[in-house]
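What follows is each chain in one-letter form.
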Amino acid sequence: MYKTNKPVLALLLGGLGGLVAASMSAHAAGPKAEVMHWWTSGGESAAVAKFAEAYRAAGGVWTDTAIAGGDQARSVAINRMVGGNPPTTAQFNISRQFQDVVEQDMLNNVDDVAAKENWDKTLPEPIRNVLKIKGHYYAVPVNIHMPAWIWYSKSAFKKAGIDKEPATPDELFAALDKLKAAGLIPLAHGGQAWQETIVFMAMLANVGGKDLYLSVMRDRNVTAMNSEAFRKVLLSFKRLRSYIDTASPGRNWNDSTALLIKGAAGMQIMGDWALGEFVAAKQVAGREYGCMPGLGPKAPYLIQGDAFVFPKTANPETIKAQKLLASIVVAPGPQLEFNKLKGSIPIRNDLDVTQLNLCAQTGLEIMKDKSRHAGIGEIYLTPDQNGALTDVLTAYWNTNMAVEKAQKNIIAALKN
Amino acid sequence: MSLTVVFGYLATLLWTLKISLSSSRTLPVNNFVGLIQYERLFDNERWLLSLNNLAIYGVLFILACVIIGFLLAVFIDQNVTGEGVLRTIFLYPYAMSFVATGLVWQWMLTPGVGIQEGIRQLGFKDFQFNWIVDQDMVIYTVVIATVWQASGLVMAMLLAGLRGIDDDIWKAARMDGIPTWRVYLSIIIPMLAPSFATVFLLLATAVVKLFDAVEAMTQGGPGTASEVPAKFIMDHLFGRANLSLASAGAIMMLLPVLALLIPYAYARARKGKR
Numbered sequence: 001m002y003k004t005n006k007p008v009l010a011l012l013l014g015g016l017g018g019l020v021a022a023s024m025s026a027h028a029a030g031p032k033a034e035v036m037h038w039w040t041s042g043g044e045s046a047a048v049a050k051f052a053e054a055y056r057a058a059g060g061v062w063t064d065t066a067i068a069g070g071d072q073a074r075s076v077a078i079n080r081m082v083g084g085n086p087p088t089t090a091q092f093n094i095s096r097q098f099q100d101v102v103e104q105d106m107l108n109n110v111d112d113v114a115a116k117e118n119w120d121k122t123l124p125e126p127i128r129n130v131l132k133i134k135g136h137y138y139a140v141p142v143n144i145h146m147p148a149w150i151w152y153s154k155s156a157f158k159k160a161g162i163d164k165e166p167a168t169p170d171e172l173f174a175a176l177d178k179l180k181a182a183g184l185i186p187l188a189h190g191g192q193a194w195q196e197t198i199v200f201m202a203m204l205a206n207v208g209g210k211d212l213y214l215s216v217m218r219d220r221n222v223t224a225m226n227s228e229a230f231r232k233v234l235l236s237f238k239r240l241r242s243y244i245d246t247a248s249p250g251r252n253w254n255d256s257t258a259l260l261i262k263g264a265a266g267m268q269i270m271g272d273w274a275l276g277e278f279v280a281a282k283q284v285a286g287r288e289y290g291c292m293p294g295l296g297p298k299a300p301y302l303i304q305g306d307a308f309v310f311p312k313t314a315n316p317e318t319i320k321a322q323k324l325l326a327s328i329v330v331a332p333g334p335q336l337e338f339n340k341l342k343g344s345i346p347i348r349n350d351l352d353v354t355q356l357n358l359c360a361q362t363g364l365e366i367m368k369d370k371s372r373h374a375g376i377g378e379i380y381l382t383p384d385q386n387g388a389l390t391d392v393l394t395a396y397w398n399t400n401m402a403v404e405k406a407q408k409n410i411i412a413a414l415k416n
Numbered sequence: 417m418s419l420t421v422v423f424g425y426l427a428t429l430l431w432t433l434k435i436s437l438s439s440s441r442t443l444p445v446n447n448f449v450g451l452i453q454y455e456r457l458f459d460n461e462r463w464l465l466s467l468n469n470l471a472i473y474g475v476l477f478i479l480a481c482v483i484i485g486f487l488l489a490v491f492i493d494q495n496v497t498g499e500g501v502l503r504t505i506f507l508y509p510y511a512m513s514f515v516a517t518g519l520v521w522q523w524m525l526t527p528g529v530g531i532q533e534g535i536r537q538l539g540f541k542d543f544q545f546n547w548i549v550d551q552d553m554v555i556y557t558v559v560i561a562t563v564w565q566a567s568g569l570v571m572a573m574l575l576a577g578l579r580g581i582d583d584d585i586w587k588a589a590r591m592d593g594i595p596t597w598r599v600y601l602s603i604i605i606p607m608l609a610p611s612f613a614t615v616f617l618l619l620a621t622a623v624v625k626l627f628d629a630v631e632a633m634t635q636g637g638p639g640t641a642s643e644v645p646a647k648f649i650m651d652h653l654f655g656r657a658n659l660s661l662a663s664a665g666a667i668m669m670l671l672p673v674l675a676l677l678i679p680y681a682y683a684r685a686r687k688g689k690r
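Here the protein sequences line up with chains A and B, keeping their order. Residue numbering for the first sequence follows my numbering, starting at 1 and increasing by one per position. Residue numbering for the second sequence follows my numbering, starting at 417 and increasing by one per position.
It is worth saying that the hints were derived from the structure and are not from the lab. Hints may contain errors.
[Said to hold, decoys possible] Straight line, CA to CA, 20 Å or less: simulated EDC-like cross-link-like pairs of lysine to aspartate or glutamate:
id, chain 1, residue 1, chain 2, residue 2
1, A, K298, A, E165
2, A, K415, A, D384
3, A, K298, A, D211
4, A, K415, B, D550
5, A, K178, A, D105
6, A, K134, A, E103
7, A, K320, A, E117
8, A, K415, B, E461
9, A, K405, B, E461
10, A, K180, A, D245
11, A, K132, A, D105
12, A, K158, A, D177
13, A, K323, A, D105
14, A, K323, A, E53
15, A, K132, A, D100
16, A, K178, A, D163
17, A, K238, B, D550
18, A, K178, A, D100
19, A, K210, A, E365
20, A, K238, A, E171
21, A, K408, B, E455
22, A, K408, B, E461
23, A, K210, A, D170
24, A, K154, A, E165
25, A, K405, B, D459
26, A, K415, B, E533
27, A, K408, B, D459
28, A, K415, A, D163
29, B, K541, A, D163
30, A, K340, A, E365
Working from the sequences, and respecting the hints, build out all of it.
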């Protein structure tokens, strides 16, 4: 269907792509790769430079097309694919964001890399399931993020008289009460919709447990969403709201992390990218701050990450560049260098991890325990379903919406 | 010229209409599914809230801009000293992008810093001004900030209108001993009707496309309290890979604009014939 439409679309959408492509160097030796991504912050661009370095060392020519903001970067990539002038590779999240593109037959598969690296055995199941569509792998994973870490300030814990990390939901709320009594901000929450979704995911995983988490997020099971247990999750989620400060709405996640760094706030529920903020403030994990991958030793470890997809092309030079690129981003050296700077953890489990920091090492250790793996919402839900869920959660968090109505709205959001 | 109109505007419009009747997600597809996307749209609480917000915002924004702009214009029209400087000051905000000024407004309105903290430091310890984090009041903060931006433009346009009014009218009114406010109300304002119409049209289109102010100040929050249709469309177009629903929203936003423009164009055309 998309083929008949192509000339019109090319006319409408191709213009933008042409501008970006015009900046590519016209003649150079070796396989040329234009890499489109949204790693634009300081730590991120330092990390992606490691990939570029390795690619150049292998004789290739790396052209960097960085576009700030995931949404923007993805829509430019898709527009250029539709317009017939795709980049050599484009970044997507490990999620269902590229499923439509695969169904329209616009990506090359990466089955040979997958076979060589034995992904069927080595990749965690939630990642494998979303990268493998109808028996073929369509994206190369580059890192694993865990978006629902619980960070805490050691000095705030000390001031509030909390001597051990909370290991159950009850202990979590008890710790928050103590922080409140000590006059601190118990929970440094940035009141933006996506951050509320992360807090909800953390509560669903830790209060509800892995089975309920998967029934709701993966199976979208209506009985589970109507259950008393899910109601309890929603109530615990809402209860957290009584521990935030009045300036929370609209605050960026890194400003919330800064409150922990200053010792003004006790805890924050945020992804492992928060590590970069602590590192930039010269704080050391285990000394000034702590990181908990969940409550208790059996808590589900929620997985998310980034991947590269390879737009379809018949040009043998481009295919060569795509293959070289795919083999480089999964190679041990670049994997370790990239993830060290990015704050995420490598997708392979055969590396010397002593170079990574304490939190990343904890994460890698947990990755060995398959029973704790679960994907973040994006792994199971389409972008549209995920967005609809976010709308309900942020409305529930910010208004006096009754828990029953929230339950009903979540069922409606995940239905179609 | 006509080619630009046909391809640049009509074709994209028809394309949007077609997509809104399909089941397109990330990529445009050519199937026809009827009005399902419109049903989904009006089943969506966030969309309905957006429309509600836009209605509140539209009425207040247009009223406040017209009243403040008119008063400023009358004030400057009194041959005050430093007129050029004042005019520049009032018009200046309109020259700035809202992405930049929105951030400043956000900072000023955030409790803990900005206006609330400033007044507390003057000694009013219990002073509260936390509209921007308040579910029910946040949309009014957007009104305040955008009125600040746009009323200067209204002033400039109405001032031009005022300057165009013949001095003899003022002299005649003074001879008859009519109080000044009465002259403005009964004579000047009716004479300025075309200027007011233009101002209204400009402000009304600004209302429909309201996006950057919300994005910069509140990002639609807290929660979904300050959502507006344009932001709903942008979110679904890019982040949520739902082209068809976004297109349905875009078509719905075109309707109020057409409802304003068609009578206007019709009136102009009739006038032209006479």
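Okay, the hints, checked on the actual structure:
1. For the suggested pair K298 of chain A and E165 of chain A, the alpha carbons sit about 14 Å apart, so the restraint of at most 20 Å is met.
2. Straight-line distance between C-alpha atoms of K415 of chain A and D384 of chain A comes to about 11 Å, which keeps the hinted pair within the 20 Å bound.
3. Between K298 of chain A and D211 of chain A the alpha-carbon distance is near 12 Å, which keeps this suggested pair within the 20 Å criterion.
4. For the suggested pair K415 of chain A and D550 of chain B, the alpha carbons sit about 31 Å apart, so the restraint of at most 20 Å is broken.
5. Proximity of K178 of chain A to D105 of chain A is assessed by CA-CA distance (about 56 Å); at most 20 Å being required, the pair is judged violated.
6. With a C-alpha separation of about 10 Å, the suggested pairing of K134 of chain A with E103 of chain A holds against the 20 Å cut-off.
7. At most 20 Å may separate the alpha-carbon atoms for a hinted pair to count; K320 of chain A and E117 of chain A meet this at roughly 18 Å.
8. With a C-alpha separation of about 15 Å, the suggested pairing of K415 of chain A with E461 of chain B holds against the 20 Å cut-off.
9. Simply put, K405 of chain A and E461 of chain B have alpha-carbon atoms about 12 Å apart, close enough for the 20 Å limit, and the pair holds.
10. Between the alpha carbons of K180 of chain A and D245 of chain A the distance comes to roughly 10 Å, so the proposed pair stays at or under 20 Å and holds.
11. With a C-alpha separation of about 14 Å, the suggested pair K132 of chain A and D105 of chain A falls inside the 20 Å cut-off, and the hint holds.
12. For a cut-off of 20 Å, the pair hint linking K158 of chain A to D177 of chain A stands: about 14 Å separates their Cα positions.
13. About 18 Å separates the Cα atoms of K323 of chain A and D105 of chain A, which keeps this hinted pair within 20 Å; it holds.
14. The hinted pair formed by K323 of chain A and E53 of chain A meets the criterion: a straight-line CA distance of about 16 Å does not exceed 20 Å.
15. Restraint check for K132 of chain A and D100 of chain A: the C-alpha separation of about 13 Å stays at or below 20 Å, so the hint holds.
16. Note on K178 of chain A and D163 of chain A: the hinted pairing holds, with a Cα-Cα distance of about 11 Å set against a maximum of 20 Å.
17. Note on K238 of chain A and D550 of chain B: the hinted pairing holds, with a Cα-Cα distance of about 17 Å set against a maximum of 20 Å.
18. A hinted pair counts as satisfied when its Cα atoms are at most 20 Å apart, and K178 of chain A with D100 of chain A does not qualify at roughly 48 Å.
19. The hinted pair formed by K210 of chain A and E365 of chain A meets the criterion: a straight-line CA distance of about 18 Å does not exceed 20 Å.
20. For the hint pairing K238 of chain A with E171 of chain A, the CA-to-CA distance comes to about 17 Å; that is within 20 Å, so the pair holds.
21. Restraint check: the Cα-Cα separation between K408 of chain A and E455 of chain B comes to about 19 Å, which is no more than 20 Å; the hinted pair holds.
22. Of the supplied pair hints, the one linking K408 of chain A and E461 of chain B holds, its CA atoms being roughly 13 Å apart against a limit of 20 Å.
23. Straight-line distance between C-alpha atoms of K210 of chain A and D170 of chain A comes to about 18 Å, which keeps the hinted pair within the 20 Å bound.
24. A threshold of 20 Å between alpha carbons decides the hint, and for K154 of chain A with E165 of chain A the separation of about 10 Å falls inside it, so the pair holds.
25. Of the supplied pair hints, the one linking K405 of chain A and D459 of chain B holds, its CA atoms being roughly 15 Å apart against a limit of 20 Å.
26. Between K415 of chain A and E533 of chain B the alpha-carbon distance is near 46 Å, which puts this suggested pair outside the 20 Å criterion.
27. In summary, the hint linking K408 of chain A to D459 of chain B is supported, as the alpha carbons are separated by about 14 Å, within the 20 Å threshold.
28. Restraint check for K415 of chain A and D163 of chain A: the C-alpha separation of about 44 Å exceeds 20 Å, so the hint is violated.
29. A hinted pair counts as satisfied when its Cα atoms are at most 20 Å apart, and K541 of chain B with D163 of chain A does not qualify at roughly 36 Å.
30. About 16 Å separates the Cα atoms of K340 of chain A and E365 of chain A, which keeps this hinted pair within 20 Å; it holds.
In the structure shown, a violation is registered for the earlier hints numbered 4, 5, 18, 26, 28 and 29, in ascending order.
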